Amino acid sequence: MHLSKGRNPAIILLHVFIILFLIGFSSCKPGRKLESGEARIKGRIVNPTRNFIEFKKTTDPAAKNDTIKLNDGGEFEIIAIPDTLAAYSFVYGAETKSDTLSSDVNSKNLIVSNKTQELSILLDKEFDIKLWVDTRDPSASLSISGNGADLNNYVTRKLMLNSEFKLKNGNLLKSGPEEYSRFMKEYKAGLDKLLSGLPSKSPYIPEGFRELEAKNIYLTFNTLKLKYAIEHLPEEGEASQFTPDETYFAFLKEIPFDNPEELKNLNYELLVSTYADYLSKKENIGKTLTQEQILNAKYETYKEIFADPATRDRVLFEFLKKNSKQFEMDWYKNAVEEFRSTASSDSLKVELTKLKDTRERLSNED
9 MHLSKGRNPA IILLHVFIIL FLIGFSSCKP GRKLESGEAR IKGRIVNPTR
59 NFIEFKKTTD PAAKNDTIKL NDGGEFEIIA IPDTLAAYSF VYGAETKSDT
109 LSSDVNSKNL IVSNKTQELS ILLDKEFDIK LWVDTRDPSA SLSISGNGAD
159 LNNYVTRKLM LNSEFKLKNG NLLKSGPEEY SRFMKEYKAG LDKLLSGLPS
209 KSPYIPEGFR ELEAKNIYLT FNTLKLKYAI EHLPEEGEAS QFTPDETYFA
259 FLKEIPFDNP EELKNLNYEL LVSTYADYLS KKENIGKTLT QEQILNAKYE
309 TYKEIFADPA TRDRVLFEFL KKNSKQFEMD WYKNAVEEFR STASSDSLKV
359 ELTKLKDTRE RLSNED
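Taken in order, the sequence shown gives residues 9 to 374; the numbers are from my numbering.
Everything labelled a hint here was simulated from the structure, so no lab data went into it.
20 Å max Cα-Cα, derived EDC-like pairs, lysine to aspartate or glutamate: (1) 223 <-> 277; (2) 77 <-> 62; (3) 138 <-> 80; (4) 50 <-> 126; (5) 311 <-> 277; (6) 223 <-> 262; (7) 50 <-> 85; (8) 72 <-> 46; (9) 311 <-> 300; (10) 333 <-> 359; (11) 362 <-> 336; (12) 233 <-> 262; (13) 209 <-> 158; (14) 196 <-> 219; (15) 65 <-> 91; (16) 362 <-> 338; (17) 330 <-> 269; (18) 182 <-> 239; (19) 362 <-> 345; (20) 295 <-> 285; (21) 41 <-> 85; (22) 364 <-> 346; (23) 341 <-> 368; (24) 295 <-> 239; (25) 290 <-> 300; (26) 223 <-> 194; (27) 233 <-> 253.
Given the structure is predicted, the values throughout are model-derived calculations rather than measurements.
Let the sequences and hints guide you as you build the complete structure.
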């Protein structure tokens, strides 16, 4: 670089800095003041792979995708009117990565695509978030600030960590117990670290959120232990490289199986479902079961796990509801009749009968 005679380099650099600052300031100038009940996401996508964002309320199945155009600088602004704290899908690109699932579906060579340019954003009234992300390195470049930033930084970083975990978990499930144990503990340590970064008090973080997340991390960690145990159940006549002892399942003593309120937590529901899978598969080692036999075995296992009538009724009802497409199976017909004669909840009996009748009617119409 050649400087003109008599010009001070420091002055030139100062002018350049001022110009760059003004450009940056003008591109990030504040928008209008939020009106009552509104929330906003404003920011920039660096190196965008397309000129628009897809935005949708994920907690509302009927919600439609909104398409928000990026300006020439990759900037955008979204105004939402949330009724309460809710999750929104924020897709800023179409890039995906393939993930080969292992365990039961691995033998079928199923491939799933994980979106790598999608964020989950939580919005509530008065959230005013500034977001900046470079598509070439989302995890390293992501920046979220403003009202509601602490909560959303946690959620987005957690999803990124989960995505990285899933990409590795399929293969590592087949590894030895020591290697997989290290992998699980590293994953849990990452989740714990993210949670510890949340402020103890904030008007933008729901009361009890930290405690619920800590519980969910605990449930997730132990669900992984159960899935590993399922993966390494021996075939008939084979010796397993992993034989869990009583201490491996010690956490089950801390899991409440007599509180129907727990079933509102999807992480709890996943753990008990995985536990039922483990017990029913262990009971039938070496046997080749039909789909009907597999469903029946899991249903019977649920009946053994839950002694509390209210909790057991809810678990069995949800299982029958989930598998209502199998209403023509003898197992399903027998299970429905048994439930209607033994369940303590009249409302669940009525609801299951309506569900069964609806399935049969739709089938006859087809």
